[in-house]
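Chains as they are written, first to last, in the numbering used here: chain A, 1 to 338; chain B, 1 to 338; chain C, 1 to 338; chain D, 1 to 338.
Hints may contain errors.
Given that identical chains are not distinguished, each listed pair holds provided it fits within a single copy or across any two copies.
[What the hints assert, rightly or not] Think about it this way: if two alpha-carbon atoms lie no more than 25 Å apart in a straight line, the pair counts; the simulated SDA-like pairs of lysine to any residue are:
#1 K221 / M1
#2 K221 / P72
#3 K119 / E50
#4 K331 / A307
#5 K119 / G306
#6 K331 / A26
#7 K119 / R87
#8 K221 / F128
Honestly, the hints are just simulated from the structure, not real lab data.
Chain by chain, the residues run as shown.
Protein chains: 4
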Amino acid sequence: MNFASDTTAPAHPAVMTAIAAANDGAAASYGADAWSETAAEALCSLFESELAVTFVSSGTAANALALSILCPPDGAILCHENAHINRDERGAPEFYTHGGKVMPLAGAHDLITELALQKFLGSMDRDFVHETPADVLSLSQLSEAGTAYDLDAIKTLCDQAHRAGLCCHMDGARFANALVESGASAAQMTWKAGIDVLSFGFTKNGAMGAETIILFGDHAKRFNALEARRKRGGHMPPKQRYVAAQVLAMLDGGLWVELAGNANAAATALAEGFVRAGGTLEHPVQGNEVFVRFNDGQNEAMRRAGAQFYGWPDGSARFVTSWNTTEADVKSILATIL
Amino acid sequence: MNFASDTTAPAHPAVMTAIAAANDGAAASYGADAWSETAAEALCSLFESELAVTFVSSGTAANALALSILCPPDGAILCHENAHINRDERGAPEFYTHGGKVMPLAGAHDLITELALQKFLGSMDRDFVHETPADVLSLSQLSEAGTAYDLDAIKTLCDQAHRAGLCCHMDGARFANALVESGASAAQMTWKAGIDVLSFGFTKNGAMGAETIILFGDHAKRFNALEARRKRGGHMPPKQRYVAAQVLAMLDGGLWVELAGNANAAATALAEGFVRAGGTLEHPVQGNEVFVRFNDGQNEAMRRAGAQFYGWPDGSARFVTSWNTTEADVKSILATIL
Amino acid sequence: MNFASDTTAPAHPAVMTAIAAANDGAAASYGADAWSETAAEALCSLFESELAVTFVSSGTAANALALSILCPPDGAILCHENAHINRDERGAPEFYTHGGKVMPLAGAHDLITELALQKFLGSMDRDFVHETPADVLSLSQLSEAGTAYDLDAIKTLCDQAHRAGLCCHMDGARFANALVESGASAAQMTWKAGIDVLSFGFTKNGAMGAETIILFGDHAKRFNALEARRKRGGHMPPKQRYVAAQVLAMLDGGLWVELAGNANAAATALAEGFVRAGGTLEHPVQGNEVFVRFNDGQNEAMRRAGAQFYGWPDGSARFVTSWNTTEADVKSILATIL
Amino acid sequence: MNFASDTTAPAHPAVMTAIAAANDGAAASYGADAWSETAAEALCSLFESELAVTFVSSGTAANALALSILCPPDGAILCHENAHINRDERGAPEFYTHGGKVMPLAGAHDLITELALQKFLGSMDRDFVHETPADVLSLSQLSEAGTAYDLDAIKTLCDQAHRAGLCCHMDGARFANALVESGASAAQMTWKAGIDVLSFGFTKNGAMGAETIILFGDHAKRFNALEARRKRGGHMPPKQRYVAAQVLAMLDGGLWVELAGNANAAATALAEGFVRAGGTLEHPVQGNEVFVRFNDGQNEAMRRAGAQFYGWPDGSARFVTSWNTTEADVKSILATIL
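Could you build the full structure based on these sequences and the hints that come with them?
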C-alpha cells in the first residue's frame with residue numbers, strides 16, 4: 001500500500017530485460033550507440049515528426065536543460081506558482097539558465113488560466129530594459145494537483161504565448177498519464193498544439209531512470225546547444241545505451257501507454273472509493289494522483305494499516321498510484337476506511 | 001579489439017545481478033533507500049573512516065559537484081593543464097562553481113610537479129582583491145596520460161596546498177587502476193595523504209553508471225550544501241537504489257580491485273608487446289592506458305584488423321584496456337604488428 | 001515641472017564643489033584614497049557604530065552586491081512582489097547571487113505584512129532539499145508605493161526573519177526620505193531595528209552617482225567577500241575618490257537630511273493640492289512620491305502644461321519630487337488643475 | 001613623482017568643466033539624455049562609421065560586458081596569458097559570461113603571436129562536444145607590458161580568428177596611447193582591421209570615470225542584449241549625463257589624443273633617461289608605460305626621493321606616466337639616479 005509516489009515503484013520487468021540485453025559487448029560511449037539512435041527513431045515515429053532528442057536520467061535535469069536553451073540569463077519563464085520547476089527543483093531552472101527568473105502565475109487546480117497569462121503578457125514590454133521579459137511558457141502535464149490541460153487549453157495558451165514572442169515548454173514528467181486520460185495522440189498534445197520543447201519522462205511510469213528532451217520543428221536547430229549544456233551539466237552518461245534501452249522498452253508495443261493506463265485506472269478507483277468513504281476530492285482526478293480531504297480519524301486509520309501517502313500542506317492528503325498498483329492494493333487501503 | 005575507452009565496455013555481470021535484485025518492490029526515493037545507506041557504510045569501511053558520500057551517474061557530475069563546494073565563484077581551481085576538468089568537461093567546473101577559474105599547471109606526463117605548484121602558490125596573494133586566488137588543488141588519478149601520483153607526491157602536493165589555504169580534491173575516475181598499481185590502501189591514497197574530497201568512479205571499471213563523491217573528515221559538514229547542489233544540478237535520481245546497488249556490487253568481495261587489476265594487467269601486456277613491436281611509449285604505464293608512438297604502417301595494420309583506439313593530437317595513439325579485456329584481445333592486436 | 005523621477009534632478013552644488021575639490025593631484029586608486037576612508041568614518045559616526053562600508057555608483061549595484069553576500073545560489077530572497085529588486089533591476093539579484101530566487105510576498109501599499117512573512121516562514125523547511133529556503137528578507141525604504149515601514153514594523157519583521165535564520169537587508173535607495181518622515185535616527189531605522197546590511201543611496205537625493213553598501217555588526221566580516229564581488233562585478237572604480245567625495249558632501253552638515261526634507265515637503269504639498277483638486281491618493285504619502293488617481297481630463301491638463309510624470313499600470317499617476325523641487329514648481333502644476 | 005598608475009591622476013580640467021556644465025536642470029535618466037546621444041554621435045564621427053555605443057564607469061565593466069555578448073557560457077575567450085581580463089579583474093569575464101573559459105595564449109612582450117593563435121585554432125574542433133571551443137579573441141591595446149599591436153598584427157590575428165568563427169574584441173583601456181604611438185586612425189586600428197567590439201577607455205587618459213563599449217558593423221544588432229546586461233550588471237547609471245559629458249569633453253578638439261601624446265612623450269623621455277642611467281628596458285616602450293630593470297640601489301634611491309612606482313613580480317619595476325606628467329616630474333626622478 002505504497003501511495004507515497006510513483007518514484008518509489010520499481011522498474012517494469014521489460015525495462016530490466018532490455019537493460020540486460022543491452023549489456024552485450026562494447027558500444028560507443030556518450031550517446032553514439034545504436035540504442036540511442038533507435039530510441040530517437042522510435043520517438044520520431046511516436047510523435048509523427050522529425051525531431052531532435054536527447055536522454056537524461058532525472059526529470060529535474062530534463063526540465064532545466066530544456067528551459068536553458070529557451071530562456072536567456074536575463075529572461076524569464078512563466079509557470080504556475082505551484083509548478084515543480086518553481087517549487088520542487090531547488091532552483092534548477094535558475095541554475096541552468098544562469099539566473100533566469102521563474103515567474104509564477106495563478107490558476108485553480110494548478111492550471112494556468114488564459115486570463116492569468118493574458119494579464120501578464122498584456123503588461124509586458126519587451127523593450128523596457130529595466131524589467132525582465134518572459135521568454136518561455138512552461139505547462140506541467142500533469143500539474144502538481146494531478147490535473148491535466150486539455151488540448152484546447154494547450155492550444156490557447158501556446159497561441160497567446162507565441163504571439164507575445166515566447167516559446168512553449170511542457171514538463172511531461174507524467175505526460176503518459178495525461179495522454180491516456182485525454183485520448184489524444186502524442187503529436188496532438190505537443191507540437192500540434194503549439195509545444196516547442198517537451199520534457200518527456202519515463203521514470204515515474206516504469207523506467208529505472210530515463211527521461212528525454214524533445215525539440216520539435218525548428219527548435220531542433222538548438223540541438224547542438226542542448227548537447228553542449230548536457231555535457232557541461234554532467235548529464236551525458238558515458239554508457240548511454242542503458243538509458244536509451246529503457247526508453248525503447250517503454251515504447252515497445254505501447255508499454256508506456258498500458259502502464260499509465262493501469263496507474264490512472266487505479267487512481268480513479270481509489271478516488272471513487274475515497275468519495276464513498278466520505279472524503280472530499282480537492283482536485284479532479286485526471287491522471288494517477290488523488291488529492292483528498294479526510295477527517296483525522298480516517299487518515300490515522302489508513303496509516304495504522306500501513307498505507308504510505310503524503311500529508312499536504314493544506315491539510316489534504318496525496319495518493320499517487322503507479323504502473324504496478326494492483327486492484328488488491330486499492331481494495332486494501334479502501335477497506336481501512338469503508 | 002576495442003581499446004577506444006573503458007567507457008565502451010559493458011557492465012560486469014555482478015552489477016547487472018545487483019540491479020535486478022534491487023528491482024524488488026517499493027523503495028524510498030531520492031536517496032532515502034536502504035541500498036544508498038548500505039553503500040555509504042561499505043565506503044566508510046573501505047576508507048577506514050567516517051565520511052559523507054553521495055551518488056551520481058557521471059564522472060563530470062562528480063567532479064563538478066565536488067569542486068563546487070570547495071571553490072567559490074570568485075575563486076580558482078589548480079589542476080594540470082591537460083586535466084579532464086580543464087579540457088574534457090565542456091566547462092562543467094566553471095558552470096557548477098558559477099564562474100570559478102580553472103588554472104592550469106604544467107608537468108611532464110600530465111602530473112603536476114611540486115615546483116610548478118610552489119611557483120604558483122608563492123606568487124599568490126589572497127588579499128589582493130584584483131587577482132583570483134586558488135581555493136582548490138585537483139589531482140587526477142589516473143592522469144590524462146595514464147600516469148599516477150605516488151603516495152609521496154600526493155602528500156607533498158596536498159601539504160603545499162593546505163599550507164596555502166587550499167583544499168585538495170582527487171578526480172578518481174580511474175582511482176581503482178591507480179590504487180591497484182600502487183598497492184596502497186584506499187585510505188592511504190586519499191585522506192591519509194591529504195585528500196579532502198574524492199570523486200570515486202566505478203563506471204569505467206565495470207559499473208553501468210555509478211560515481212560517488214566522498215567528503216573526508218571535517219569536510220563532511222559540507223554534505224548538506226552538496227546535496228542541495230546535487231538536487232539543483234538534476235543529479236539526485238528519483239530511484240537512486242539502482243545507482244547505489246551498483247556501488248555495492250562493485251565493492252562486494254573486492255570486485256572493483258579485481259577488475260582494475262585485470263585491466264591494468266592487460267595494459268602492461270599490451271605495452272610490453274608494443275615495445276617489442278618497435279613502438280615507443282609516450283608515458284609510463286601506471287594503470288589501464290597505453291600511449292604509444294608507432295609508424296604509420298603499424299597504426300594502419302592495427303586498424304585494418306579491426307582494432308579501435310584513438311589517435312592522439314601529438315601523433316601518438318591511446319589504447320585503453322577494460323575490466324573485460326582478455327589475453328586473447330591483447331594477443332590479437334599484437335599479432336597484427338609483431 | 002519635472003516630476004518624472006528624482007533621478008532626473010541634477011546634483012546639488014555642494015556635491016559639485018566637493019568633486020572639484022577632490023580633483024587635486026594624485027590619489028591612490030581603487031578605494032585606497034583618503035576620501036573613501038573619511039567617508040567611511042563619517043558613516044560610522046552617523047550610524048553610531050563600527051561598520052564596514054563600500055561605494056558603488058548605482059542602486060541596482062548596491063542592492064545586488066549586498067544581496068549576493070547574504071544569499072547563496074541555491075537560496076532565496078524574500079521581498080514585496082512589487083519591490084524594485086523583483087521588478088525593476090532586470091534580474092540583477094539573480095545575476096549577482098548566481099541564480100538565487102527572488103520570492104515575492106504580498107501586502108497593501110507595497111509593504112510586506114507580518115502575516116505574509118509568518119505564513120511563508122511557517123511553511124519553510126530548511127532541511128527539505130527539494131525546496132529553496134529563504135536566506136534574506138529585503139525591505140524597501142521607501143517602497144515602490146512611496147510608503148515607509150515604521151520602526152515597529154521593521155523590528156517585528158526582522159525579528160521574525162532572524163528567528164527563522166534569515167538575514168535582513170534594507171534597500172535604502174530613498175532611505176533619507178523615509179528617515180526624515182519618521183524622525184528616527186539612522187541607527188534606529190537600521191541595525192537597532194535588526195537590519196544587517198543596508199544599501200544607502202545618495203543619488204536620488206542630490207548626488208551625481210553615489211551609493212553605499214553598509215555591513216553592520218558581525219556582518220562586517222563579510223567585507224572581503226563583498227570587495228571581491230565588487231571588483232568582479234566591475235564596480236570598483238579606479239578613481240573612487242570622486243564617489244566618496246560625494247558622500248562626504250551629502251553627509252556634511254546634514255545636507256542629506258535637509259534635501260530629503262525639502263523633497264518630502266514638496267510631496268506633501270503636492271498631495272494636499274491633488275486632493276483639493278479631486279484626486280484620490282492611492283497610497284499614504286510617506287516620502288517624496290505621490291500616487292494619485294485623476295480623471296483623464298486632469299492628467300491631460302497637466303501634461304499639456306508641460307508637467308512630466310509617469311502613468312502607472314493601474315491607471316493612476318506617479319509624481320516624484322526632488323531635492324530641488326520648489327514651491328513654485330508645486331504651485332505651477334497645481335494651477336493647471338485647481 | 002607619482003608613476004604608480006595613470007589611475008592615480010586626477011581628471012583633466014576640461015572634464016571637470018564639462019561635468020559642471022552638465023549639472024543644469026532636469027535630464028532624462030538611464031541614458032535617455034542629450035549628452036549620451038551627442039557623445040554617441042561624436043564617436044560615430046571619430047570612427048567614421050555607424051556604431052552602437054554604451055557607457056560604463058570602469059574598464060572591468062566595459063571588458064566583461066563586451067565579452068558577455070560575444071561568448072556564451074559554454075564558450076571561451078582567447079587572450080594573452082598576462083591579459084588584464086585573465087589576471088586582474090577577479091574573474092569578471094567568467095562572471096559576466098556565466099562561466100565562459102578564459103584561455104591563455106603565449107607571446108613575448110605580452111602580445112599574442114600569430115603562431116600561438118594558429119596552433120590553438122588548428123587543434124580546435126567546434127563539433128566535439130566535450131571540449132570548450134573559443135568564441136572570442138581579445139587583444140589588449142596597450143598590453144600589460146605596455147606594448148601595442150601594430151595594424152598588420154591586428155589584421156592578421158583578426159583574420160585568423162574570423163576564419164575560425166571567432167569574434168574579435170579589443171580591450172582599449174589605453175587605446176589612446178596605442179593610437180598616438182601608431183599614427184593610425186581610430187577606424188584603422190579597430191573595425192578596418194577586423195575588431196568587432198571595442199572597450200574604449202577614457203579614465204586612465206584624463207576622465208573621472210568614463211569608459212565606452214562600441215559595437216561595430218553588424219554587431220550593433222547586439223545592442224539590446226548589451227543594454228539588458230548593462231542594466232542587470234548595475235552599470236546603467238541613473239544620471240548617465242555625467243559620464244557622457246566626460247566622453248564629450250575628452251573627444252572635443254582631440255583632447256584625448258593630446259593627453260595621450262603627453263603621457264607617451266613622458267614615458268619615452270623616462271625610458272631614455274633610464275637607459276642612460278644603466279637600466280635595462282624589459283619591453284619596448286609603445287605607450288605610457290616603462291618596464292625597467294635597475295640594480296637595487298637605484299630602485300632604493302628613487303623611492304627614497306619619494307617616487308612612487310610598482311615593483312613587478314619578475315624583479316623589474318613599472319613606471320606609468322599620465323596625461324599630467326610634466327617634464328619636471330621626469331627630470332626629478334631621473335635626477336635621483338643619473
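- Query: Which of the listed hints are broken here?
  - Reply: 1, 3 and 5
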